[in-house]
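Take each chain as given, in its own frame, and dock them per the hints.
Protein sequence lines, in the order shown, are assigned to chains A and B. So in the working numbering, spot 21 of the first sequence is number 21, and the numbers just go up one at a time. So in the working numbering, spot 43 of the second sequence is number 43, and the numbers just go up one at a time.
Hints are computed from structural coordinates only; laboratory data are not their basis. Ideal placement from N, C-alpha and C gives every residue a C-beta, glycine not left out. Check before you lean on any hint, since a few could be wrong.
Below, simulated BS3-like cross-link-like pairs (lysine-lysine); rule was C-alpha separation at most 27 Å, straight line [stated by the list, open to error]: (1) A:Lys53 / A:Lys112; (2) B:Lys114 / A:Lys193; (3) B:Lys114 / B:Lys11; (4) B:Lys27 / B:Lys114; (5) B:Lys27 / A:Lys6.
Across the chosen pairs, the derived CB separations fall in these ranges [to be verified]: (6) A:Arg48 / B:Arg118: 38 to 44 Å; (7) B:Arg118 / A:Gly220: 22 to 28 Å; (8) A:Glu233 / B:Glu60: 34 to 40 Å; (9) B:His104 / A:Asp74: 27 to 33 Å; (10) A:His109 / B:Glu117: 55 to 61 Å; (11) A:Arg17 / B:Ser37: 29 to 35 Å; (12) A:Gln18 / B:Met17: 29 to 35 Å.
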Amino acid sequence: MQNFAKAHGIVFRQSARQVAASFEIGCFHALTEFYSDNFTVTPEGLSRAGEYKYLTTPSGNPANYSWVRLQSQDGNYELRQQVRICSHLHGDISITPDLVVLVEGAHLHHQKRKDYASGKRAFFFVDSASVVAAHECKSMSPFPELLVGFLGMMMTTHAWLDEQPPAFHLEGHGRHLAPSLFVGGDARGIHLKMIAALEETFPINVIVGLHAGPFSLLGGRALRRLESAQLLEQGAV
Amino acid sequence: MLRELRFMEDKGDSRLMLARAAGWTSKRLTVLCGLNSFYQLVLGPLASSARDRYGVLGREVPILYGESLRFDERRSSELRGAHAAFMSALHDVPDAPRLLTAPHANDLVYRLAKSLERSDDV
Numbered sequence: 001m002q003n004f005a006k007a008h009g010i011v012f013r014q015s016a017r018q019v020a021a022s023f024e025i026g027c028f029h030a031l032t033e034f035y036s037d038n039f040t041v042t043p044e045g046l047s048r049a050g051e052y053k054y055l056t057t058p059s060g061n062p063a064n065y066s067w068v069r070l071q072s073q074d075g076n077y078e079l080r081q082q083v084r085i086c087s088h089l090h091g092d093i094s095i096t097p098d099l100v101v102l103v104e105g106a107h108l109h110h111q112k113r114k115d116y117a118s119g120k121r122a123f124f125f126v127d128s129a130s131v132v133a134a135h136e137c138k139s140m141s142p143f144p145e146l147l148v149g150f151l152g153m154m155m156t157t158h159a160w161l162d163e164q165p166p167a168f169h170l171e172g173h174g175r176h177l178a179p180s181l182f183v184g185g186d187a188r189g190i191h192l193k194m195i196a197a198l199e200e201t202f203p204i205n206v207i208v209g210l211h212a213g214p215f216s217l218l219g220g221r222a223l224r225r226l227e228s229a230q231l232l233e234q235g236a237v
Numbered sequence: 001m002l003r004e005l006r007f008m009e010d011k012g013d014s015r016l017m018l019a020r021a022a023g024w025t026s027k028r029l030t031v032l033c034g035l036n037s038f039y040q041l042v043l044g045p046l047a048s049s050a051r052d053r054y055g056v057l058g059r060e061v062p063i064l065y066g067e068s069l070r071f072d073e074r075r076s077s078e079l080r081g082a083h084a085a086f087m088s089a090l091h092d093v094p095d096a097p098r099l100l101t102a103p104h105a106n107d108l109v110y111r112l113a114k115s116l117e118r119s120d121d122v
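Here chain B stands alone, though its shape is the one from the complex (with noise of 0.2 Å):
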């Protein structure tokens, strides 16, 4: 993603330079990336398996994955709350959730701009 991100800033893509202008610096870009990727490949696809729903598995009926994995309620309820905990500390990103799951980095500035843009015109 950062290598996406620096051949975006070397063509001066539009919608790069938007963002620079409403504060979206190199640095918060780039930790945005890293944010965007642990979402990606490891918060995201553990809270899927905890998400609040209907029926047994899972809550009453625990999940035996193997020999040592355990999907119980228990361990819905911690990952939901990591979950909540992380999207709680990025309140003042815009659109955060969007932004989580951009597959590219061009992707990533496009959904931001995006909100940026619409956030302007309220």
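Chain A extracted, bound-state conformation (with noise of 0.2 Å):
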């Protein structure tokens, strides 16, 4: 252990911000490669030097970061990070999620607001009637209060779950990920059951253990999953 510290302690010598941020880069990564699948995936927005500019806080402005559209014949939706949404239910509910998949040409609001930094500086959203599927990550083991919170995340971000027809339905083939939370710890058993009644109960994912696993959506377990309805309708899921 003291040559493995002598020879790699620069690498690990690291802020927690730094460590969160490494975990929900990893996130980002699985999340990507989970939509490669059906998907063409680009990034857009880039730095004039090339570089992918991933927005850190809400308050940025996300039209000057960079993005991920997600292509196929069947319509586009873009993959952003750190967007905030403002919830169907009340105008004054407005969460941040880590990772938001979004319908294409989702309308980016910015209004000056006398209860937001005084009336200084923007306050972005997007409605969540644009949302498709929003993702948190948590670094750290799983606890009963984390997993239920995230019910809270799913149902004042999902204006789709309480539309009658809803515009997504979850599917087995679906090709978007069913609203995630992103657990880098293991979990113990009676947790493992509680995530197994959680994703019976709701349409959501509970991934854990992605700090030592292979750290990838595809080819584990059946994950929950969703499609367009208008898709479905046309049977072309």
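Put into structure tokens, the structure is as follows:
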């Protein structure tokens, strides 16, 4: 271990924020890989030097940062990060998931509000009606309150859950990953049972043990997937 | 984790006793708990951004996270090297990946005991 620390110390001398960022990037990679199975995945909005500018806070203007185009002949979507979502449940409810898949061309609002930064900075957000699936990354061991807390995010950010008919359905061969909580730590047996129960009850995935696993969403256990109601009606999937 | 380990010791936990009989002293288990914490808090999350995968992001197209954090092939290669070196240093620990990701001390001891039982059966 002393040899390890001597040889690689500089690699793991990172701040807590950098460590959490690394896990988020790992989840981002896993999600783009998942989508590459059914979509052409293209990074957009790169810097002049060809770098992907990852938005790290909802106070930044998403229009100035990179995003990922998910392209298919049946329609395109956008994968973005740290975009604030204003809930369909109430205009004053807004949260920012780590990763979100939006319908193509989702309108990005920017408002100056007295109750935000004293009106000096714009409040950026998209409507929850534009959301296909919002995902959250937690580099920690799972515990019941974390798991149940994710349900709140799911309910506030997915307008289609409350629509009749809903724009998206759970579908075994669906091309979208259902709203997912990515958890780095491993789970105990009792929590695995709770996760199975939550996944049976709600249209979500809770994916644990990502610190050590292959970190691929393809090829492992069957995950809950979504597909657009329109495509399902057409029999395209 | 160490508090939980002491509690298990006080209670004479059967799986802990099994591990003791196989040479896992208090000191060795304390070190293992420390390595578990290091892996879950630091190395595991870092390495998760560096795993081999399909696509250009993080390779041909580096990712800039904020002002100073850059995810590119060089960083990924260094992290994969560090991860491999860490796991190599634990080559004589049975089922090291499962022990390093155990959420609590009693999970770690349980997994260790199971590995030791399995190696006895072989």
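To see whether the hints hold, each was checked on the structure:
no. : hint                            : result
1   : A:Lys53 / A:Lys112              : holds, 24 Å
2   : B:Lys114 / A:Lys193             : holds, 21 Å
3   : B:Lys114 / B:Lys11              : holds, 19 Å
4   : B:Lys27 / B:Lys114              : holds, 20 Å
5   : B:Lys27 / A:Lys6                : holds, 22 Å
6   : A:Arg48 / B:Arg118: 38 to 44 Å  : violated, 56 Å
7   : B:Arg118 / A:Gly220: 22 to 28 Å : holds, 23 Å
8   : A:Glu233 / B:Glu60: 34 to 40 Å  : holds, 39 Å
9   : B:His104 / A:Asp74: 27 to 33 Å  : violated, 46 Å
10  : A:His109 / B:Glu117: 55 to 61 Å : holds, 59 Å
11  : A:Arg17 / B:Ser37: 29 to 35 Å   : violated, 19 Å
12  : A:Gln18 / B:Met17: 29 to 35 Å   : violated, 41 Å
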